[in-house]
Amino acid sequence: MSAASHAPRAAVRERPSLARRLIRSDHLAGWAFVAPAVILIAVFALIPIGWSLLLSLQSTNLIAPAHYVGLANYRALTKDPAFRSAIGHTLVYTVLFVPISVGGALGIAVALNRKIRGIRFYRLAVFVPLVTSTVATGLIFLWLLDPTFGLVNYVLHLLGLPQQQFLQDPNQALYCIVAMTVWSWVGFDVIIYLAALQGIPQDLLEASEMDGASRWATFRSIVLPLLGPATLFIVVWSTINALQLFDEIYVSTRGGPLGSTTVIVYYLYQQAFQFFNGGYGAAIAYVLFVAILIVTLLQLWVGRRRVYYSS
Amino acid sequence: MSVQPIAAASERFPPLPDTGPSRRRGRLPFSPWHLLLAPLAAIMLVPLIWMVIVSLETRQQATTFPPVLIPSGLHFDNYSAAWNAVPFGRFFINSLLYSLATVAGNLLFCSLAAYAFARIRFFGRDVLFVVLLATLMVPFQVILIPTFLIVKQIGLVDSVGGLIMPNLCSAFGIFMLRQFFRTLPIELEEAARIDGTSRLGILFKIVLPLSLPALATLGIIQFMWSWNDFLWPLIIIDSQTHAPLQLGLSQLQGAHFTQWNLLMAGTVMSQIPMLLVFLLAQRWFIRSVAFTGIK
Amino acid sequence: MKRLILLPLIAAALALSACGGSSSNGSGTSKAASGGTSGGHTTITLWEGYTEAEADSIKALAAEFNKSHPNITVNVQFYGNNDYALQKVLAAIAGGKPPDISYLYGSWAPNIATNPQVVTLNKLIAQDPSFDWNDFWPAGRKVATVNGKIIGIPALVDNLAVVYNKKLFKQAGLATPTPNWTWSDFENAALKLTNPAAKQFGWAYVNDASEDTVWRFWAMLWQAGGSILSPDGKHAAFDSAAGIKAATLLQTLAAKHAIYLDNGSDNYLSVFNGGHIGMLWTGPWDLSQIVQSKVDYGVTTLPGDVNHQTISGPDNWVMFNNGSAHTAAAWTFLKWLTSPAIDLKWATMTGDLPIRASVAKMDGYSKFTSKYPGIAIWAANLANATQARPQITVYPKISTAVGQAVQSVLLGKASPQQALSQAAQQVNGILAAPG
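Same order as they appear, the protein sequences are chains G, X and W.
22 is the number of the first residue of the first sequence in this note's numbering; add one for each residue after it.
1456 is the number of the first residue of the second sequence in this note's numbering; add one for each residue after it.
16 is the number of the first residue of the third sequence in this note's numbering; add one for each residue after it.
I should point out that these hints are in silico values taken from the structure, not numbers from a laboratory.
C-beta: ideal position from N, C-alpha, C; glycine also.
Among the hints, a few may not be true.
Facing chain W, according to a computed beta carbon distance under 10 Å, are these residues of chain X, among others [what the hints assert, rightly or not]:
| id | residue |
| --- | --- |
| 1 | Ile1525 |
| 2 | Ala1536 |
| 3 | Asn1539 |
| 4 | Gln1596 |
| 5 | Thr1602 |
| 6 | Phe1603 |
| 7 | Ile1691 |
| 8 | Leu1707 |
| 9 | Gly1709 |
Coverage of chain X stretches by chain G, computed from C-beta distances (three or more under 8 Å per stretch; other residues unrestricted) [to be verified]:
| id | stretch |
| --- | --- |
| 10 | 1500-1512 |
| 11 | 1576-1584 |
| 12 | 1624-1632 |
Could you build the full structure based on these sequences and the hints that come with them?
What follows is the structure in structure tokens.
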């Protein structure tokens, strides 16, 4: 098959026609490759996003005909103390979640990337929380962390430690959410890291060991840099997701107690679908969107200077 | 020339041996890694174990709080009851269609786009990349209704096609594959280009075979997303005949009370295909030997 | 070899996307059939989120109706549960093709009423004296009416009563609650039933700051003679002496660990069934599980201060206009579904309370309630549901503000006075805001 397809191409190389040169042109080739993806994403994501921009300039309950209000929703946001505290909760959550989950995933992936008995079982185990529905995850954590009947307080009791209120304590709830989401999402990063680890050439590691480098030094000087592209991807993706945290809040604390876990998207949901302020909800989404975009561009910019690609 | 990269590729990813002799160190009769991995696995398995327990309990035990951890008997009939409570067979097929189609779509379209972003310099590339990434930054709740309106325009409301279409390609997959493609040694591709292989040929003959771990990972993730997707199916599907599994499961969950034993039996059944997909895909995405050298 | 792996994948992609396309064509034709009216036959769509007995019953009743009405086919579709259903309804409304009939929460009614496609039922009801609108419980009628417009027919009318564990009362040496119970009787019992060492609580309260938290507080507020808003509806009135008295009762009991604080997952019922809670304030929806758990239970009306008022949280069947043929068919079905004979059937099939006062007096119903002790108390208690929540579009915001206040009282983070005046200030702001 490969021999047959080579012959005509060799002929073309000697006397390229205009058409062939056009096809070889990088601009055309690039756009041809991205076209299907761009069309799909434009129709099913970019148009809806544009629609929601219009929505953010309207006053609407999504039920009655809307009317245009200009930037009123955005102006109201600047004076909304609940929105300000939602931003605070989201930032605290993100700053904790991203490093813990990415660091944890790296450690777990390295531990899982070896040939020992039962390794397939261990990998499957790490994958299990990921496929567990969020509803089930929420229930399990509500049970584990129940102040009166929960397993965790029972263990604390056995250890002679004071009982905690966990999700019912406004000062602890957000940290419990961090623990819960790290537990349920770490497997996601682990499988990406595992895939990335396959790309590290064996000979590089062996050479390093032969040079007498310690395992830690090999990890720092070879493995970590080679995982750079995957790490950049995981960090960007985790940050985008953390800033849009919703499902886990919805199935556990519903933003409480006393609003202590009301993150931005939960607040958006509350406004749009509980208070029937569709336009205000869209404005929240747009402020969040711009914030995430800035953070992502910053991360990509740092990545461009720090991440090493083999090419 | 073009034969060599393929050979190199198979060397990079030798088939995964089922079990291998562990390198034993010190006095432990097993690898010390077990001391770390076994507790980790236990923590991760808590939900599954809990769900299996509840799925085998009587209705009364399943609603007792604090939970009953040792069921009085093994009520496997919950599984048949859950299966029969809603048209599960039909839902399974719909979920499978939805998941496989979106996996196939993402693998194909994201590969094409990711390759261009990783390897081809074209007008507007970097801006376009950021624009695509930006679609990941708007909460789904906000674009739910307009997406519904577009699918309605196309005439796909209440069909499996309507489930699939908006999820055939995501910026997530493009970004992920682009990152992986960029780590591949470019020399192989340059050699092939000099050899006259087309861009498409390079992608399919060199880049993709070298990227099986990344493709398998994307496939698993997309499968899981589609399989567990609830909100979009709820919005777009009206009739039972087109409903996927998660919509069926939600019919076991009431506003005031839920038959937890049946719901958990249904949930456990719904998770089995995902775990199978994961086990199958491990073959491609984990070589399992990378670190034996520095163990 | 490795290259070949991709070929089947691509083939599968093409095959499946083709398949998705063809299945859409199939449904397109079926939808044309279901959406239209041909030869005098009309197919209407009804959306509901029922599960279990209710899900089976609505399907059975629709089938019965379809049999007896050959010109109409009612197509019952599950639209998700709880809050998710709203998103589906909103999408359908945006698409211009909502279902002909939908089950919608009463708390959504004021906003739903702003939709031009919602059918106003005043005329239809007035034209048909046999329908007897006044036979529906007042609580249900109030929630179905927005600014004088009747936008729905009650689909569910429930209310709160006390459910107590007889065994725990006996252990504590307490007489069981009576309909004449006062707040101090209740407080005294709740404290005596509390035993932290045995993880036993006198009472339970849903503490998630949602409407579930708020409506129990409204019942207490009304019992103490208070009201939610001022008579003109322009100011908060719940921060009155009555409100503070109610909040103080909550705080006292919570501070003494007499209340199991439910996190919103409705665990209170399981804990009650496990024998760890003495009394619940709950509705008939919990009864079937209590019976199944074999708890020796009793039911009585809520304790009183100035009065023994309870609160009801009715839901509605709402009709959307998809053409006159559909509206006529939908109205025919709703009239049939909520007629006394069928309502009696529904109540006995599901354990829901009758939505009509006349049904509660029927022989068939008393036969049913004699088998399920307690149901009759809830049915009779509907007479104590004399007030309703304000039917205004901003009510959900008010509910959230008050929910936070009640939560901070329960958690001991603010005094009743502080919490309620802060909430009242917020509510005044919400009421003053334009639109």
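Hint check:
For Ile1525 of chain X, the suggested interface contact is broken, since its CB lies about 15 Å from the closest CB of chain W, more than 10 Å. Given hint, Ala1536 of chain X at the interface with chain W, is violated; its Cβ is 12 Å from that chain's nearest Cβ, farther than 10 Å. Restraint check, Asn1539 of chain X versus chain W: the minimum CB separation of about 13 Å is more than 10 Å; hint violated. The restraint placing Gln1596 of chain X at the interface with chain W holds, with a minimum CB-CB distance near 8 Å, inside the 10 Å limit.
The interface hint given for Thr1602 of chain X is met, as the beta carbon of that residue sits about 9 Å from the closest beta carbon of chain W, less than 10 Å. Restraint check, Phe1603 of chain X versus chain W: the minimum CB separation of about 4 Å is within 10 Å; hint holds. Taking 10 Å as the C-beta cut-off, the interface hint given for Ile1691 of chain X holds, the closest approach to chain W being about 8 Å. With a least beta-carbon distance of about 7 Å to chain W, the hint placing Leu1707 of chain X at the interface is held under the 10 Å criterion.
Hint on Gly1709 of chain X holds. Least Cβ distance to chain W is approximately 4 Å, under the 10 Å limit. For the stretch 1500-1512 of chain X, the assignment as covered by chain G holds, since 6 residues bring a beta-carbon within under 8 Å of that chain's beta-carbons and 3 suffice. Restraint check on the stretch 1576-1584 of chain X versus chain G: 5 residues with Cβ-Cβ distances below 8 Å, three needed, restraint holds. Counting residues of the stretch 1624-1632 of chain X whose beta carbon lies closer than 8 Å to any beta carbon of chain G gives 7, which meets the minimum of three for the stated coverage.
Figure legend: structure checked against the earlier numbered hints; hints not met, in rising order: 1, 2 and 3.
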